[in-house]
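With the hints as constraints, model all of the structure from the sequences given.
Each chain, letter by letter, is given below.
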Amino acid sequence: MAGAAGTARHPAQGERAGAVLREPLLEVEHLVKHYPVRGGLLRPGGGKVVRAVDDVSFVLHRGETLGIVGESGCGKSTLSRAILRLTEPTGGRVRFAGEDLLQLSRREMRARRRHLQIVFQDPFASLNPRMTVAQIIREPWSIFKGVVPRPEWDRRTAELLVQVGLSPDDAHRYPYQFSGGQRQRIGIARALTLNPKLVVCDEPVSALDVSIQAQVLNLLAEIQEKLGLSYIFIAHDLSVVRHISDRIAVMYLGKLVEIGTWQEIYETPAHPYTQALLSSVPVIEPEARGERIILKGEVPSPLAPPSGCRFRTRCRKAAAVCATEEPVLETRGAVGHLTACHFAAPREY
Amino acid sequence: MAASSSVSRPGTTGEERQARVTARDLAAALARDWVVLLAVVFLVVLVAAAVLAHLLMPYDPLLPNIFAGRRPPFSETRGLDGGVQLHLLGTDALGRDMLTRLVYGARASLSVGVVAVAVSAVIGTTLGLFAGFLGGRVDTVVMRTVDAFQAVPSLLVALFVLFIIGGGLVNMVVIFALVRWVVYARLARGITLSYRESSYVEAARSIGATDLRIIFRHILPNMFSPLLVLATLEVALLILAEAGLSFLGFGLKPPEPSWGLMIARGREYLREAWWMITFPGLAVFLTTLSLNLFANWLRTITDPVQRWRWLI
Amino acid sequence: MVDLNPAAECGERPSSSEPPGSAAATVTPPTDVALAVSDLRVAFESPHGLVRAVNGVSFSIRRGETVGILGESGSGKSVSVSAVMGLLDRPPAHITGDIRFRGVDLLRAPARETRRIRGNRISMVFQDPVTALNPSLTVGYQIGELFRVHRPGTSRRYALREAVELMDRVGIPSARERVHGYPHELSGGMSQRIMIAMAIALKPDILIADEPTTALDVTVQAQIMALLAELRRETGMALILITHDVGVVSECTERVMVMYAGRIVESGPTGAILARPAHPYTAGLMSSMPRAEMKNRRLVVIEGAPPVMTAIPPGCAFHPRCGRRRPLCTGGGGPGLRGVAEERASACHFAAEMVAGG
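Sequence lines, in order, name chains L, P and F.
Take the first sequence: its letters are residues 1 to 349, numbered as in the working numbering.
Take the second sequence: its letters are residues 1001 to 1312, numbered as in the working numbering.
Take the third sequence: its letters are residues 2001 to 2358, numbered as in the working numbering.
Each hint should be verified, as a subset may be incorrect.
[As the list claims (entries may be wrong)] Over the 12 Å line for every Cβ pair with chain L, so calculated as not near, a few chain P residues:
(1) Ala-1027
(2) Trp-1034
(3) Arg-1070
(4) Ala-1148
(5) Pro-1153
(6) Val-1161
(7) Ala-1204
(8) Ser-1206
(9) Ile-1207
(10) Ile-1219
(11) Arg-1267
(12) Asn-1292
[What the hints assert, rightly or not] Listed next, the in silico BS3-like pairs over lysine-lysine satisfying Cα-Cα at most 30 Å (straight line):
(13) L:Lys-296 <-> L:Lys-317
(14) F:Lys-2203 <-> L:Lys-296
(15) L:Lys-197 <-> L:Lys-145
(16) L:Lys-226 <-> L:Lys-145
(17) L:Lys-197 <-> F:Lys-2295
(18) L:Lys-48 <-> L:Lys-226
(19) L:Lys-197 <-> L:Lys-226
(20) F:Lys-2203 <-> L:Lys-226
It should be emphasised that the hints constitute simulated quantities derived from the structure, not laboratory data.
Beta carbons: idealized from backbone N, C-alpha and C, even for Gly.
Pasting the structure below:
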């Protein structure tokens, strides 16, 4: 099932399609992250768990960008941290270049971190305010000795800064001396220091102004082209995700509800949640506006998700079967990509 | 300024701030705040005098001269060796020079304060760091101990223990360190908790940093300025405590020169020799006030985000 | 469970048949003007020097219209309306210019008089609904407080009944029970509904919404924008919508003012501006948005970053980032807001060229 996610590709892939190799880099299988609810002294949590990520599977290929979209609390950030083992997953497998990361000891995992990097959302909180840019960029090299030999540090630091659009003179400045967009560039430079194969971008532009956001998006695309990286790109902004992603996964309440190429998700979304999500985006061109689906109510608590399909309480297609039987993420009928809906059907615009 | 900047980088030019703060910058910032400057000058003079007391002070702080008792400031007496002695701040009941005893008293007060603070800060910070970072059982054990310590008034405990084991400089330092480590532990744990989940600690973990590296390189440096501020305030507190305990007779023993003891003796002569209580009282007051002023100034100046405000 | 109502689309978009009104700063305000701001300037004292947040902003709001103020952080859009609402402490803020609500000078009239207008005739909804509510008071109390403050003598029972009714109106389910609840029991979207309920409680003439949906998810944003549009239709109040999102402006406003470095750089009917911007900043903002047709291509970005407000470039403040920059742009006081087409104004020397498609 996870493998099929990768095979359903749209024939027309745009310019960058050539760079995407069919070889899988990351295979996530049945990944689960549950947080136990901590009760008080007299009121233990009662064994309750928050199902932040619940049985998520997908494949990421070399050189590819997988976008993960969903609203706050859907588990997309937890998913990214579970993949990188920044938070320990409760179960499942994360195979990176064929090796299951979850089976590794802490020590072995530290060694693999070279290849798996992350760019954070908050350009203010993700840089140690007491370190200069040079110190921030060089820290990985003092941990992974030999990646860049010490005599090369100055030259390589300058190179990286130029690559992300900063000046070599910036090396000796502190993070607070930079604007948000420039700080995000420093964060990107840090993620590139060890020549990783995969970079997880966790809402990398959502804290930035529109004009700065576009600069950073261009930079990320440029770097990918040059270095052949794979990205997992997490964002709540659907236009940003469409712009940068080859394939897109939609999350709702800890589950993947739909996954496909960007055309499949944006042009023929088949899950009612994806459809509602897309129709909610404000559009500049009046002629491009479709009918708006306004969801009623709120996202249920992840402590007690609805039985069966988790979206059924807000779904216009909900039927009796939705409460009893959980829909599997698979190709359905006329829908070429994977959806987790009993009544999946492309929406007519 | 921004107008002349290049198109690509106007954001950084308008607010060009200094990257490194030199000692000169600090001195300049200090020069602008004369109250703090006075406090710092006072503390520097006090520390220098305490350290160099045996070189600076011509008289013996312990040797009594019963013929020169209770002389007011600026009086002259004939010393035991026959020479004329000038007493800028007068003499005490036993004819010892007040200024000399104050300076030697500073040596006692400061060493109790500084040594006890250093010991307790190291113990408390280390325990707090690991409690906060490791969490779980370590955290529970450390923090319950802290709670237990904080549930009893520390000075009362110090007084009780000193009553049993006897006063003296070393005993006071040990007791103070044992009762005051909890404040550092609490501060260090709080700061550790707030940084443990921060995204730059997460970033450090993502580049393969070990726990020890994260603790010492990414979390500990954030504690230095609040710890320094706390330690300065604690020195002030312990100087007061030393004076108080010595005053009550549980601290240093006569004839040791100690501000607290001097105040205690001076109280007996409040009517006839005002200087005997006034000057040691003033010494305690000015020292703790200066330390508090300095601590407050440190708090702002050491914050890397606020620091530049003082330097422009 | 889903409302497939196309009418719920927020705001009515302008049509060409709409009667011409006042384009800011170009036409003398007609009599149906509710709020007139002229040459508003706001500066703050700071250790860096004077932060010039707003530098000569003039506009007027007609009764019942929906106006967008579009700009990025630091453009002065929030500070301008904060000045209107009297939310700035003076000092550190220095405010000059003129803010008139139906002839009452809000900057100079006695506090007793302006209090009757602010929070009553003009009300405001903020970006972060969660911090705008007092966590230690019940929701009902906070809504009811409005009546007690602005309508002395209101009974407790009446205030509570009104609160329930308002909560119903903004779409909060089981309002009767929730009125006794506390803010922490509400989600972000629900909290914003409460803020809106409070803002419309006294039937204001103007509602100012400062980034009302920025902190919310896109499906919740759709709910809130639909609610605002519906309330506007029912009450006939004017809506000033402050946002950085061109999409929101396009869908929800009739008229828009684009702000940059504390000035209005372009104003006019939303549809016309977005179809053919008359200022390079507006054009750059639009091309920075990742749109479907730009997939797999580089976005056309605005180079650099907005100026630091203590050192705004001379001449046109946008010139260091502008592709159309000429020597004429870099000096002097900069181009003023001038009419370029019917109801439209732009502060660019090349506005006419841009509108003509140059």
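Taking the hints in turn, this is what the structure says about them:
For Ala-1027 (chain P), the condition that its CB be more than 12 Å from all CB atoms of chain L holds, with the nearest at approximately 21 Å. For Trp-1034 (chain P), the requirement that its beta carbon stay farther than 12 Å from each beta carbon of chain L is met, with the minimum near 29 Å. Interface exclusion of Arg-1070 (chain P) from chain L stands, the closest Cβ pair being 56 Å apart, more than 12 Å. Every beta carbon of chain L lies more than 12 Å from that of Ala-1148 (chain P), the smallest distance being close to 17 Å; the non-interface claim holds.
The claim that Pro-1153 (chain P) is not at the interface with chain L holds, since no C-beta of that chain comes within 12 Å of its own (minimum 26 Å). With a cut of 12 Å on Cβ distances, Val-1161 (chain P) stays outside the contact zone with chain L, its closest approach being about 32 Å. A beta-carbon of chain L comes within 12 Å of the beta-carbon of Ala-1204 (chain P); the shortest separation is about 7 Å. Not every beta carbon of chain L lies more than 12 Å from that of Ser-1206 (chain P), the smallest distance being close to 5 Å; the non-interface claim is violated.
Distance check on Ile-1207 (chain P): its Cβ comes as close as 4 Å (rounded) to a Cβ of chain L, failing to clear the 12 Å threshold; non-interface status is violated. For Ile-1219 (chain P), the condition that its CB be more than 12 Å from all CB atoms of chain L is violated, with the nearest at approximately 10 Å. Remark: the non-interface label on Arg-1267 (chain P) is consistent with the geometry, its nearest Cβ contact in chain L lying 49 Å away (cut-off 12 Å). A cut-off of 12 Å between C-beta atoms confirms that Asn-1292 (chain P) is not in contact with chain L; the least separation is 26 Å.
A distance of roughly 13 Å separates the Cα atoms of Lys-296 (chain L) and Lys-317 (chain L); the hinted pair therefore holds under the 30 Å criterion. Distance restraint check for Lys-2203 (chain F) and Lys-296 (chain L): the Cα-Cα separation of roughly 26 Å lies within the 30 Å cut-off, and the hinted pair is therefore satisfied. The suggested pairing of Lys-197 (chain L) with Lys-145 (chain L) holds, with an alpha-carbon distance near 18 Å, which does not exceed 30 Å. Between Lys-226 (chain L) and Lys-145 (chain L) the CA atoms are separated by roughly 24 Å; this keeps the pair inside 30 Å, and the hint holds.
Between Lys-197 (chain L) and Lys-2295 (chain F) the alpha-carbon distance is near 23 Å, which keeps this suggested pair within the 30 Å criterion. Between Lys-48 (chain L) and Lys-226 (chain L), the direct Cα distance comes to roughly 47 Å. Violation of the 30 Å bound is thereby established for this hinted pair. For a cut-off of 30 Å, the pair hint linking Lys-197 (chain L) to Lys-226 (chain L) stands: about 12 Å separates their Cα positions. For the suggested pair Lys-2203 (chain F) and Lys-226 (chain L), the alpha carbons sit about 58 Å apart, so the restraint of at most 30 Å is broken.
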